[in-house]
Amino acid sequence: MGRLLAIDYGRKRCGIAVTDSLRIVATALATVPSGELIAFVKEYVGREKVDEIIVGLPRTLSGEPSESMRYITPAINRLRKELPDMPVTFFDERFTSTLAHRAMLDSGVKKSDRRDKGAIDRMAAVIILNGYLDSRAGGAMG
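Sequential numbering of the sequence shown, starting at 1277, is according to my numbering.
Any given hint could turn out to be false.
What the hints assert, rightly or not - The calculated lysine to aspartate or glutamate pairs, modelled on EDC-like cross-linking and capped at a C-alpha distance of 20 Å, are:
id: 1; residue 1: LYS1318; residue 2: GLU1358
id: 2; residue 1: LYS1318; residue 2: ASP1296
id: 3; residue 1: LYS1325; residue 2: ASP1296
id: 4; residue 1: LYS1288; residue 2: GLU1343
id: 5; residue 1: LYS1325; residue 2: ASP1361
id: 6; residue 1: LYS1357; residue 2: ASP1327
id: 7; residue 1: LYS1357; residue 2: GLU1319
id: 8; residue 1: LYS1288; residue 2: GLU1312
id: 9; residue 1: LYS1393; residue 2: GLU1312
id: 10; residue 1: LYS1357; residue 2: GLU1328
id: 11; residue 1: LYS1318; residue 2: ASP1361
Claimed, not checked - Beta-carbon label-pair distances, calculated as ranges:
id: 12; residue 1: ARG1354; residue 2: ARG1323; range: 17 to 25 Å
id: 13; residue 1: PRO1363; residue 2: ALA1315; range: 17 to 25 Å
id: 14; residue 1: ALA1413; residue 2: ARG1346; range: 26 to 34 Å
id: 15; residue 1: PRO1350; residue 2: GLU1319; range: 16 to 24 Å
id: 16; residue 1: MET1362; residue 2: ASP1296; range: 15 to 23 Å
id: 17; residue 1: THR1336; residue 2: ARG1356; range: 22 to 30 Å
id: 18; residue 1: PRO1309; residue 2: SER1338; range: 27 to 35 Å
Keep in mind that the hints were calculated from the coordinates and are not lab data.
Keep in mind it's a predicted model, so treat the numbers as computed, not measured.
Glycine is no exception: its CB is placed at the ideal position from the N, C-alpha and C atoms.
Kindly produce the complete structure, drawing on both the sequences and the hints.
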């Protein structure tokens, strides 16, 4: 069984998280500039067995795709073109940045570290991946 890789795609940078090979635990992997995302993912997939890529799908409160899909869709289409055999799935990411910030606050992360937007992006990717895992397991949280 391969890992799952999640991407919290942002205009400037992307948070990336992965599961362990048994898909039990999601951990933060990296924050990469958006322009380097495809190269990073291709390199990672080249050395680790990844079965699926999950991309955070930003939605408005009413459930409609958000304005940011304008720049996410072309990037993910390029990723699909570069990795044609890799399943790429969108998963609702509403509130992940807020939840990431709250999780960092609750776990006692210092204020200076909470200002690290890259850390928030990585944590958001972990939350996306955990939500996806919960939804696949039939969990009540997803």
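Straight-line alpha-carbon gap LYS1318 to GLU1358, limit 20 Å: holds, 8 Å
Agreement of LYS1288 and GLU1343 with the hint, judged by alpha carbon distance not exceeding 20 Å: The given pair, whose Cα atoms are some 15 Å apart, holds under the 20 Å limit.
Could you say whether the range 16 to 24 Å given as a hint is met by the Cβ separation of PRO1350 and GLU1319? Taking Cβ atoms as reference, PRO1350 and GLU1319 lie about 21 Å apart, which means the hint holds.
Compare the distance between the alpha carbons of LYS1393 and GLU1312 with 20 Å, and conclude whether the hinted pair is satisfied. Distance ~17 Å between LYS1393 and GLU1312 Cα, so the pair holds.
Take a quick look at whether LYS1357 and GLU1319 sit within 20 Å of each other, Cα to Cα. Answer holds: LYS1357 to GLU1319 is near 15 Å, not above 20 Å.
Has the given pair, LYS1357 with GLU1328, been kept, meaning a C-alpha gap of at most 20 Å? Given pair LYS1357, GLU1328 holds - Cα atoms ~15 Å apart, limit 20 Å.
Is it true that the CA of LYS1357 sits at most 20 Å from the CA of ASP1327? holds, 16 Å
Do the beta carbons of THR1336 and ARG1356 sit within 22 to 30 Å of each other? Given about 24 Å between the Cβ atoms, the range holds.
Is 15 to 23 Å right for how far apart the beta carbons of MET1362 and ASP1296 are? holds, 19 Å
For a C-alpha distance cap of 20 Å, please report whether LYS1318 and ASP1296 respect it. Given pair LYS1318, ASP1296 holds - Cα atoms ~18 Å apart, limit 20 Å.
Does the Cβ-Cβ separation between PRO1309 and SER1338 fall within 27 to 35 Å? holds, 31 Å
Should the hint that PRO1363 and ALA1315 are 17 to 25 Å apart at their CB atoms be regarded as holding? holds, 20 Å
In terms of the numbered hints stated before, the structure departs from none.
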